[in-house]
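Visitor: Full structure from sequences and hints, please.
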Amino acid sequence: MLIQQLANGIAIGSVYALISLGLTMVYGILRILHVAHAGIYALGAYVGWFSFRLIGDFWLSLLIGMAGSALAGYFVQRYLYSPLLHLPRIAPLIVSIGLFIAMEETFRIIAGPHTLTYNARVGLGDLSIGNFQLTETQILILFITGLILVILWAILTRTRTGLAMRACAMDAETTSSFGVNVNAIIAINFLLGSAMAGAAGVLIGVYDNQVWPTMGSIPAYKSLAIVVLGGLGNIPGTVLASLVVGLAETFFIGVVAIPFPRDAVAFIAMILVLMFRPYGLLGKA
Amino acid sequence: MRRFMYLALWTIFVFLFVGLVQAQDTIKIGFFAPITGPAAADGTSAKHAVELGLKEVNDAGGIKGKKVELIIYDDRLNPQEAVAIANKLIEKDKVVGVVSGSYSGPTRVTAPIFQKAEIPMVAGYAVHPDVTWDPTQKKPNDFIFRNGFLGEVEGAAAAEFAVKNLKAKKISIISMDNDFGRAISAGFAARAEKLGSTILTKQMYKFPGEKDFRPFLTRIKEGNPDLIFAAGYYNEAASIVRQAKELGITAQIMGEEGFDSPKFLEIAGPAAEGVIIATNLDRDDPRPVVQNFLTNYRKAYNEDADMVGASSYDAFMILVDAIKKAGTDPKAIQKALLETKDYNGLTGKISRFIQGEVVKPVQIQVVKGGKFRRLGVVDNPEVITPPLKQ
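Protein sequence lines correspond, in order, to chains A and B.
If you're matching positions, the first sequence starts at 1 in our numbering and goes up one per residue.
If you're matching positions, the second sequence starts at 1 in our numbering and goes up one per residue.
Keep in mind that the hints were calculated from the coordinates and are not lab data.
Accuracy of the hints is not assured; some may be wrong.
[Unchecked claim] Lysine to aspartate or glutamate pairs mimicking EDC-like chemistry, simulated, CA-CA at most 20 Å apart:
#	chain 1	residue 1	chain 2	residue 2
1	B	Lys389	B	Asp134
2	B	Lys211	A	Asp263
3	B	Lys206	A	Glu136
Guide: What follows is the structure, encoded as structure tokens:
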């Protein structure tokens, strides 16, 4: 049963990673807390669901969901955050929270208060070895997350754009003095991060067979805890933190049977990290 | 600007006029439900069902020639909002009685207000004991009545069926962590243990929020129970049922009225087959009051009725019945409600109210062919009589 819990934990941790990466990338480059990122995640689920209803193909609906989220993320950056960057960092944070609430209400008004079902099957089938079950959606989550992480890693380390992104995260002003178009880099950052959140939305929609207006409300704060845990702006740290939180939640519930809700785990971990390693799991002092 | 002023004045006149005409000879009944907000789906069901009841009453000529007027408010599942609504219903709308189509939170805070104003309220499906009970004075709120079961009663009835009919010896419980889940799973565990079964595991999950039940279910699977009792609402219930199936769990899953929604069947899909629930709506009940409601609801709203709607409809009709007997004086209505005997309700025959709590059999339904069908009825008086509060 331990190996079953391991699979459960890695699957949910992978989704946390997809959501949190965008958040940490935005923080790394703009130093703002992008709470509406969770709204972008829910938007991905809704766009994916809608296109799945129209087209009936999971892979296409995944791509459309990611594209929808990427576009939304770009617009948020271009028209909401950019004009506010000269203000104290609290201003974009307030805008972000307001936008997040507005997005949840918009989903409810347009798609209704009811839960929608995203019953996509890709025909992989479940993997079952004795008592151990790896469901089709779990395989899908592991595969897609793995693929996206490899692509992200390749972009960041093997392309000039990736180099510029990492340089911007270190020091945007100096990078711009070397002739790099920082605004374009910020936009690419948002496009990538939001597309990943959109993928997470679609995957959760299929994993739980549910898409609902407030599906972003828990990721909205849990991903903040994960990002802190990973060391704000640290990409490998965020991936590690997501897996740690996903596994810890699963083991605390399923093996140790803790008497408090799973969301507590991420925050306890965050408090411990702030006390003993304030620079994050992988950061350097 | 002047034109706007004229328009505004006219609008006010029209409203005043309409108000005057309406005030003349209607019987006003108040209603509140979470029509928007996190419980909007249930609030809408409740509102739809009560409006259907209203139409039936008025189409049949109203009560003693007077039309019934329903004053509808949206509490957004917010207790503060509900307090304001209760005061408005009493002071501004001057209703003769109230129907709650809401959850325990909003219903519970309005109970003492209606009790103090001596306006009777019938709650459709709110489960908290303090709806009908004043915990500070330690006496019943005798103007408040409940059409739904107490959580303890429904849980005990589910256990009665699980142990006696399904012969479940080893049972695991997974319950949502709120008043509803706690009360219902406590009632289940107490009765199941009294009847000699063993509770292997007892887990609580956070509501709202939990969607990934795989860690809980993997733990349950280890113990290899005969039956899993799951207490929760339909979204979470559907996830539990689906994920249990995915994990290869073959134990019988039993739920309660929170499962009782077409949404449960839709989200859970084929995994819902064979799931058994304890509820108060029997869709295979041949009585016309049940069959007419189901058909009319489907016709009016193009979706199937659920437990929340049926219970709210009943609450409204119970109140209407009392007004028919007693007239429009709130105290006389309360007396008629206290004297309710063998009322032919949509959600079962109500023998009477004890301390405001309904006494009626608990229905056991099973999902067969993608629909809730009758499996049995629990009418053991030892189980369905609500325990006296003190």
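Visitor: Quick one, are Lys206/B and Glu136/A close enough, alpha carbons at most 20 Å?
Guide: Not OK: Lys206/B and Glu136/A at ~26 Å, beyond 20 Å, violated.
Visitor: Would you check the hint for Lys389/B and Asp134/B, treating anything up to 20 Å between C-alpha atoms as holding?
Guide: holds (10 Å)
Visitor: Is Lys211/B within 20 Å of Asp263/A, Cα to Cα?
Guide: holds (12 Å)
The earlier numbered hint that this structure contradicts is number 3, and it is the only one.
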